[in-house]
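**Q** Chain by chain, the residues run as shown.
Protein chains: 2
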Amino acid sequence: METKGIDRELEDEMEFIIDRNLILAALLDVSLAVSTKDTIPILKGIKMEVFDDKIILTGGNQVSIIKKIIKGPAVSIIQTGSTVLEARFLVGLVRKLENDLHVKSISGSIVVRSGEVETTFHGMDPAEYPKLHDSEAGSEMVLTIEKLKEIILQTGFAAAINDARPVLTGCHWRFKNRILTCAATDSQRMAMRKIDIESDLNRVANIPTASLSKLLKLLPKQAGNVNIQISDSFILFKTPDFELYSLLITGSYPQIDRLIPTGISTEITLNRKTLENALDRMNIISNHHKHHDVRLSICNGEVIELSTIAYELGKMVQKIMPNEIQGKKELDITFDSIFMLEAVKSIQDAQLKLSFYGENKPIVVESTAGNDQLSLISSVRTK
Amino acid sequence: METKGIDRELEDEMEFIIDRNLILAALLDVSLAVSTKDTIPILKGIKMEVFDDKIILTGGNQVSIIKKIIKGPAVSIIQTGSTVLEARFLVGLVRKLENDLHVKSISGSIVVRSGEVETTFHGMDPAEYPKLHDSEAGSEMVLTIEKLKEIILQTGFAAAINDARPVLTGCHWRFKNRILTCAATDSQRMAMRKIDIESDLNRVANIPTASLSKLLKLLPKQAGNVNIQISDSFILFKTPDFELYSLLITGSYPQIDRLIPTGISTEITLNRKTLENALDRMNIISNHHKHHDVRLSICNGEVIELSTIAYELGKMVQKIMPNEIQGKKELDITFDSIFMLEAVKSIQDAQLKLSFYGENKPIVVESTAGNDQLSLISSVRTK
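The listed protein sequences correspond, in order, to chains A and B.
Counting from 1, position 316 in the first sequence corresponds to residue 315 in numbering that gives the first Met the number 0; the numbering is continuous, with no gaps.
Counting from 1, position 237 in the second sequence corresponds to residue 236 in numbering that gives the first Met the number 0; the numbering is continuous, with no gaps.
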């Protein structure tokens, strides 16, 4: 029998034997897209399609769909077919099994044998499972796994959590002049990363941050490429092992470049890890403030002092010796320590640069390696 | 200056230097007894008493109190004194510090210096911290750490969670004829363990299971002895490192011995781990029933069959070959798989014995090693 496509009709009488660890890993991956609270009952299930040469597992919600393609010597296919099984029960079962799984469909029920354990499921009708509307062909491009991880980790944290403005819950990707600019902002802070691409693609896409978080979990540790297809309504990430399909968020995105202030007054270069540890510690006290207020000032023109106070609790002060202070050697500015900490953590180099543009102006956090990455956080007005 | 006792008045001007890991471990231990929701504000704090030769940390709630005694070369005491500091903030801070702590009381505030970090706390008045009413002298006895862990682990799981009958939330310890009988029951199941003791103590005590759980966490991995003092109202567990004081639960406890049925009809000996894994797996389906129904039957007079079914989900069947079946070779009984699993897990030997006394009668789970340990679980009526 020949594989014609992943959405073709298959017989109901499927049967296969598979390694327990192999199917468990694949089930956990597709489960990333399955919500047990989904209002559409069949979306609480995982679709299992058995072809001559592979098994495809599919899990999805109303925004994203994950497919895993299982092949190789650890799978032995006896009869093609398809079914949909309740995800939570299926994953719970496979976790507790100890031996190879022998899966067989018997008049609508799915029987899973593993060692001395025999479990019978009620399958759901695979014909009811939603199909992808992939009639709309997207533009294609390729990114390495490494770059893809980088741009998501360096921007995604700044996206909005609450969906008062839905477009801000996404990451904004702009493909133009062979540069991909990725940005995210929740309107209190912004993170941006630019990378060179080998594609003449010219479009923008607002990708749900939740879909990108799932992608991060799916991406393997090994080096490799990810094929990306984008249309006006969806984005598809594809490797030989998996596919992640996500709808895009409609709406116009803020003009990112206009957020970056001009006219630096002070520039401080310092050790990233020292600042990260200090902010993490300050947060024990600063989290008693709505905006996690931490104050940064320059003492005697040469030492950085971070401080935070919560009247009912106490106060914390830490001095940090910077590598260099350029420009005005006086500074007294308050910022959100959580926002600053996330910005600092997104930088991978040992050193970072903080740029200040005056009281009540945003602060820019950059790597000193000049890799086209920056974060911007609002200062907190204390008067 | 001489140490006169842990509750004497100390000056307010304390000062000491201590290893960060040492104080963190002690703070985490005393925190076991601190509830951040306690209605008495000072009980949200940890009392810190600095003597010439040791530091005592105390944390408590309205039922139990934990004291840790810190001594040795990793502490350097400069000035004795005492204070009470908010537990959550103090523990949160010490977790994030990286160097030795230099703690000093300055006019009511406590200043903690660690490397470049200086934190100032508002101390609470140590005179307000509740004192132990230890005027009532208790009877004393000694148990090894190993035995103490065993008896708690083998019985505590069967105590009631909800406090409809407060006495059932405790573990019942009966000292009589140089035997300590420990029991717990939530009225659906019971667990019991007897050990020989070298004491002529003759009394009963209903110890809050929550206090025994804290004790388990405090007990070190190394061998050693625990000194136990019991009175009518409290129990005190004491080692050179810590003290755990707990009020007892008043009320009369059910007559444990009368719960054990007589007239065994069938006795099955089987591998403990095989049964444990099977029950754990069955629970994926049985937890859809209020009583986690799992049915056990004997097939062809020689094989055990476990099965469970949830109509909306599916069913699971597993056959287990027992080592031996004695008595009647027919059996069909339903029980709570969670209760059975916890009873099975409490047994440390490779083999266990299940004793059946007839339909709708309790089932007794015992080690085959005959170590005076048993669990009893009610059968579930299915008709």
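Treat the hints with care, since some could be wrong.
Heads up, the list lumps identical chains together, so a pair's fine if it works in one copy or across two of them.
To be verified - Think about it this way: if two alpha-carbon atoms lie no more than 35 Å apart in a straight line, the pair counts; the simulated DSBU-like pairs of lysine-lysine are: (1) Lys289 <-> Lys328; (2) Lys328 <-> Lys53; (3) Lys328 <-> Lys146; (4) Lys130 <-> Lys328; (5) Lys70 <-> Lys318; (6) Lys95 <-> Lys272; (7) Lys314 <-> Lys53; (8) Lys272 <-> Lys360; (9) Lys175 <-> Lys328; (10) Lys103 <-> Lys220; (11) Lys220 <-> Lys130; (12) Lys193 <-> Lys216; (13) Lys318 <-> Lys95; (14) Lys216 <-> Lys314; (15) Lys216 <-> Lys328; (16) Lys344 <-> Lys95; (17) Lys360 <-> Lys95; (18) Lys193 <-> Lys289; (19) Lys36 <-> Lys146; (20) Lys103 <-> Lys314; (21) Lys70 <-> Lys360; (22) Lys103 <-> Lys344; (23) Lys220 <-> Lys327; (24) Lys327 <-> Lys95; (25) Lys70 <-> Lys328; (26) Lys53 <-> Lys318; (27) Lys148 <-> Lys95; (28) Lys327 <-> Lys344; (29) Lys36 <-> Lys289.
Treat the hints as calculated values from the structure; they're not laboratory data.
**Q** Are the hints correct? Go through all of them and say.
**A** Structure-based check of all given hints:
For the homomeric pair Lys289 and Lys328, the shortest alpha-carbon distance inside one copy (29 Å) is at most 35 Å, but the shortest distance between copies (69 Å) is not. Within a single copy, Lys328 and Lys53 get their C-alpha atoms no closer than 65 Å, and across copies no closer than 47 Å, so neither meets the 35 Å cut-off. Taking the closest pair of Cα atoms, Lys328 and Lys146 never come within 35 Å of each other, the shortest separation being 37 Å inside a single copy and 66 Å across copies. With identical chains, the CA atoms of Lys130 and Lys328 are never at most 35 Å apart, being 61 Å at best within one copy and 54 Å at best between copies.
Only between protomers do Lys70 and Lys318 lie at most 35 Å apart by alpha-carbon distance; the minimum there is 32 Å, versus 57 Å within a single protomer. Proximity of Lys95 to Lys272 under the C-alpha cut-off of 35 Å is restricted to the inter-copy arrangement: shortest distance 13 Å between copies versus 41 Å within a copy. For the homomeric pair Lys314 and Lys53, the shortest alpha-carbon distance between copies (28 Å) is at most 35 Å, but the shortest distance inside one copy (61 Å) is not. In the homo-oligomer, the alpha carbons of Lys272 and Lys360 lie at most 35 Å apart inside one protomer (25 Å), although the nearest pairing across protomers, at 64 Å, exceeds that limit.
For a Cα distance limit of 35 Å, the shortest separation of Lys175 from Lys328 qualifies neither inside one copy, at 39 Å, nor across copies, at 79 Å. For the homomeric pair Lys103 and Lys220, the shortest alpha-carbon distance inside one copy (33 Å) is at most 35 Å, but the shortest distance between copies (49 Å) is not. Taking the closest pair of Cα atoms, Lys220 and Lys130 come within 35 Å of each other only inside a single copy of the chain (30 Å); across copies the shortest separation is 57 Å, beyond that limit. For the homomeric pair Lys193 and Lys216, the shortest alpha-carbon distance inside one copy (22 Å) is at most 35 Å, but the shortest distance between copies (51 Å) is not.
In the homo-oligomer, the alpha carbons of Lys318 and Lys95 lie at most 35 Å apart only across protomers (16 Å), although the nearest pairing inside one protomer, at 52 Å, exceeds that limit. In this assembly of identical chains, the alpha carbons of Lys216 and Lys314 lie at most 35 Å apart only when taken from different copies (32 Å versus 39 Å within one copy). In the homo-oligomer, the alpha carbons of Lys216 and Lys328 never lie at most 35 Å apart, since the shortest distance is 44 Å inside one protomer and 52 Å across protomers. Only between protomers do Lys344 and Lys95 lie at most 35 Å apart by alpha-carbon distance; the minimum there is 16 Å, versus 37 Å within a single protomer.
With identical chains, the CA atoms of Lys360 and Lys95 are at most 35 Å apart between copies only, with a shortest distance of 30 Å across copies and 55 Å within one. Taking the shortest Cα distances, Lys193 and Lys289 sit within 35 Å of each other inside one copy (32 Å), while across copies they are farther apart (56 Å). In this assembly of identical chains, Lys36 and Lys146 lie within 35 Å of each other by CA distance solely inside one copy; the values are 33 Å within and 46 Å between copies. In this homomeric assembly, Lys103 and Lys314 come within 35 Å of each other (Cα to Cα) only across copies, at 15 Å, whereas the closest approach inside a single copy is 65 Å.
Proximity of Lys70 and Lys360 under a CA criterion of 35 Å is satisfied in neither setting, with 55 Å inside one chain copy and 52 Å between copies. Taking the closest pair of Cα atoms, Lys103 and Lys344 come within 35 Å of each other only across two copies (33 Å); inside a single copy the shortest separation is 49 Å, beyond that limit. For the identical chains of this complex, Lys220 and Lys327 are neighbours neither inside a copy (44 Å) nor across copies (58 Å), given an alpha-carbon limit of 35 Å. Taking CA atoms no more than 35 Å apart as the test, Lys327 paired with Lys95 passes between copies only; the shortest distance there is 32 Å, against 63 Å inside one copy.
Within a single copy, Lys70 and Lys328 get their C-alpha atoms no closer than 63 Å, and across copies no closer than 47 Å, so neither meets the 35 Å cut-off. Taking the shortest alpha-carbon separations for Lys53 and Lys318, only the inter-copy value of 32 Å comes in at or below 35 Å, while the best intra-copy value is 60 Å. In the homo-oligomer, the alpha carbons of Lys148 and Lys95 lie at most 35 Å apart both inside one protomer (32 Å) and across protomers (29 Å), since each shortest distance falls under that limit. Taking the shortest Cα distances, Lys327 and Lys344 sit within 35 Å of each other inside one copy (26 Å), while across copies they are farther apart (68 Å).
Taking the shortest Cα distances, Lys36 and Lys289 sit within 35 Å of each other both inside one copy (31 Å) and across copies (22 Å).
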